[in-house]
Amino acid sequence: MVDLNISQNRAQSRQYFGRCNWLVILCWLILFLYLSYVFSLFELTTERFLIGLDNGAKFLGRMIPPNFSRHELLIEGLVESLQIGIIATAAGVLLSLPLGFLAARNLMPIWVTWFARGIIVLCRSFHPVIVAILFVKAVGFGALAGVLALIVASIGFIAKLFAEAVEEISLKQIEAIRSTGASFSNIILIGVLPQVMGRFIGFASYQLDSNLRNSTMVGLVGAGGIGGTLFAAFQRFDYDFVAAILLSIVAVIMVGEGINNVVRRIYR
Amino acid sequence: MSQTSDHQDQVKIQNMNRQLVIKNLRKEYVPGARVLDDLTVTMHAKDITAVIGPSGTGKSTLIRCINRLIDPTSGEIYFDGKDLSKLHGKQLRIARRHIGMVFQEYNLVERLTVMENVLSGRLGYVSAWRAWLRKFSTEDISAAFSLLEQVGMADFASQRADALSGGQRQRVSIARSLMQSPTILLADEPTSSLDPKTSVEILELMVNQAKSREIPVIINIHDVSLAQRFADRILGMSNGKIVFDGAPAELNDEHLKVIYGGESWLT
Numbered sequence: 001m002v003d004l005n006i007s008q009n010r011a012q013s014r015q016y017f018g019r020c021n022w023l024v025i026l027c028w029l030i031l032f033l034y035l036s037y038v039f040s041l042f043e044l045t046t047e048r049f050l051i052g053l054d055n056g057a058k059f060l061g062r063m064i065p066p067n068f069s070r071h072e073l074l075i076e077g078l079v080e081s082l083q084i085g086i087i088a089t090a091a092g093v094l095l096s097l098p099l100g101f102l103a104a105r106n107l108m109p110i111w112v113t114w115f116a117r118g119i120i121v122l123c124r125s126f127h128p129v130i131v132a133i134l135f136v137k138a139v140g141f142g143a144l145a146g147v148l149a150l151i152v153a154s155i156g157f158i159a160k161l162f163a164e165a166v167e168e169i170s171l172k173q174i175e176a177i178r179s180t181g182a183s184f185s186n187i188i189l190i191g192v193l194p195q196v197m198g199r200f201i202g203f204a205s206y207q208l209d210s211n212l213r214n215s216t217m218v219g220l221v222g223a224g225g226i227g228g229t230l231f232a233a234f235q236r237f238d239y240d241f242v243a244a245i246l247l248s249i250v251a252v253i254m255v256g257e258g259i260n261n262v263v264r265r266i267y268r
Numbered sequence: 001m002s003q004t005s006d007h008q009d010q011v012k013i014q015n016m017n018r019q020l021v022i023k024n025l026r027k028e029y030v031p032g033a034r035v036l037d038d039l040t041v042t043m044h045a046k047d048i049t050a051v052i053g054p055s056g057t058g059k060s061t062l063i064r065c066i067n068r069l070i071d072p073t074s075g076e077i078y079f080d081g082k083d084l085s086k087l088h089g090k091q092l093r094i095a096r097r098h099i100g101m102v103f104q105e106y107n108l109v110e111r112l113t114v115m116e117n118v119l120s121g122r123l124g125y126v127s128a129w130r131a132w133l134r135k136f137s138t139e140d141i142s143a144a145f146s147l148l149e150q151v152g153m154a155d156f157a158s159q160r161a162d163a164l165s166g167g168q169r170q171r172v173s174i175a176r177s178l179m180q181s182p183t184i185l186l187a188d189e190p191t192s193s194l195d196p197k198t199s200v201e202i203l204e205l206m207v208n209q210a211k212s213r214e215i216p217v218i219i220n221i222h223d224v225s226l227a228q229r230f231a232d233r234i235l236g237m238s239n240g241k242i243v244f245d246g247a248p249a250e251l252n253d254e255h256l257k258v259i260y261g262g263e264s265w266l267t
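Residue numbers (the working numbering), protein chains in the order written: chain V, 1 to 268; chain G, 1 to 267.
It is worth saying that the hints were derived from the structure and are not from the lab. Here a beta-carbon is modelled for each residue, glycine too, at the ideal position from N, C-alpha and C. Check before you lean on any hint, since a few could be wrong.
According to the in silico footprint, chain G covers these stretches of chain V (three or more CB under 8 angstroms from chain G) [said to hold, decoys possible]:
| # | stretch |
| --- | --- |
| 1 | 102–113 |
| 2 | 129–136 |
No more than 30 angstroms apart at the CA atoms, straight line, and that leaves these computed lysine-lysine pairs for DSS-like [stated by the list, open to error]:
| # | chain 1 | residue 1 | chain 2 | residue 2 |
| --- | --- | --- | --- | --- |
| 3 | G | Lys23 | G | Lys82 |
| 4 | G | Lys241 | V | Lys58 |
| 5 | G | Lys23 | G | Lys86 |
| 6 | V | Lys172 | G | Lys211 |
| 7 | G | Lys90 | V | Lys172 |
| 8 | V | Lys172 | G | Lys46 |
| 9 | G | Lys23 | V | Lys172 |
| 10 | G | Lys46 | V | Lys58 |
| 11 | V | Lys172 | G | Lys197 |
| 12 | V | Lys58 | G | Lys197 |
From just these sequences and the hints, can you work out the full model?
What follows is the structure, given as structure tokens:
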């Protein structure tokens, strides 16, 4: 009886996989044909590849040694980028905290969470550079556009993760606080916040890290920071200055990483 | 301001009737399926009442209907001259302030210190601002210290709750419920996660504290012998109804058969 079932199952599963097999092969075949077609469009020849390698070598050669002679311009840009990143993270985190709570389905009525989740999805929809372009058009060139763009990006990221963290809390601890007659705000402060604060600090510090990197990029579209300087240096073929800027950005990100680690260790 | 209202509370507590009257209490999580089936019972003031019965028979639901962590479908619960089942919002929170509760899994806020957990028993009184800054009154803090002393946890005041053992956590949880100056104490399987020795210690602590404060205690408990040892009265529940109501000495195997069903488990 049991054996019969097993052999029946095996026959069924063979049948099932058998039906899938030719479908899978067909998919692979279509993918292969499409890839060959795309490559044929590129006109990738060995000759062109070798010329490209040569150009690359020249470009790298002109980057060395990096030229730090215009360090005033460099530092000015970096400081502005840092300010954009830090202000955007601070404002984004402050806005994300309430929005994340409003989006948590275990604490809020359903219509509130839909509203909050709508805002979060809207913030997540576009890459920070696209948002930066929009803000440059809206408020003009400069750091303000970059700050606003990165605030939007921060809300999209932190509020979403924070809402998920709140949804995963232990309701037993909430139950105990509720049973003392605590008001809703006290339940949030004493029952919910201690459970999610550690993770919230983690998200915020990750976002600071991410914003420091993104703040060097929004400058490409005129939203302030070192990105603008970098773009200009590229345009003028000042590759040694480009190298100096890139190394400085790496240094700043590494310092930020170190600070982050310390903060995370404190709040664990 | 808060001083005088606290004082009035104290006066009120002394004068009030601590009898708990439950009338026709019904709870249906799914319409038609009665977890509590028109349950009627009166818990006398100062009594330790143990509620025994098989899992899923509505013991936890009963206890949570009293402080309204669960809303009953119908019925009345009279305590301190109020029908607890009809309270809403602010009135409900005020009623909960004086109903202490101890849980099976302690339900301490894991990431807060023992002291903060004990002080959270006063959260019905402090404003959000003060709660956030942990600005509890000096009376509250000294009361918390003396309670920690009484439950034997004074040395752990500044430790985080997640560093404690089960028995220690339950002691803190008892201190938290006593911090509410309760007029009634509810306990939902307070010893089910503890070893036999710790279970006895925890029940002794709860019963002694309740006796010295002259407050009634309702304990859901699986261990029948512990129930008989500590309770003044035992209620046996089965299928949402009370099928036994009497003194611990009256409880015999025939009653246990009715409460739990079958007899093969009896030795």
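Hint by hint, here is what the structure shows:
A count of 0 residues in the stretch 102–113 of chain V with a Cβ less than 8 angstroms from any Cβ of chain G is obtained; the coverage claim is therefore unmet, three being the minimum. A stretch counts as covered by a chain when three or more of its residues have a beta carbon under 8 angstroms from one of that chain; for the stretch 129–136 of chain V and chain G the count is 0, and the coverage is violated. Of the supplied pair hints, the one linking Lys23(G) and Lys82(G) holds, its CA atoms being roughly 13 angstroms apart against a limit of 30 angstroms. Note on Lys241(G) and Lys58(V): the hinted pairing is violated, with a Cα-Cα distance of about 88 angstroms set against a maximum of 30 angstroms.
Proximity of Lys23(G) to Lys86(G) is assessed by CA-CA distance (about 13 angstroms); at most 30 angstroms being required, the pair is judged to hold. In summary, the hint linking Lys172(V) to Lys211(G) is supported, as the alpha carbons are separated by about 28 angstroms, within the 30 angstroms threshold. With a C-alpha separation of about 22 angstroms, the suggested pairing of Lys90(G) with Lys172(V) holds against the 30 angstroms cut-off. Under the criterion of a C-alpha separation no larger than 30 angstroms, the hint pairing Lys172(V) with Lys46(G) is consistent with the structure, at around 28 angstroms.
With a C-alpha separation of about 28 angstroms, the suggested pairing of Lys23(G) with Lys172(V) holds against the 30 angstroms cut-off. A threshold of 30 angstroms between alpha carbons decides the hint, and for Lys46(G) with Lys58(V) the separation of about 92 angstroms lies outside it, so the pair is violated. Under the criterion of a C-alpha separation no larger than 30 angstroms, the hint pairing Lys172(V) with Lys197(G) is consistent with the structure, at around 25 angstroms. Note on Lys58(V) and Lys197(G): the hinted pairing is violated, with a Cα-Cα distance of about 80 angstroms set against a maximum of 30 angstroms.
The structure shown violates the earlier hints numbered 1, 2, 4, 10, 12.
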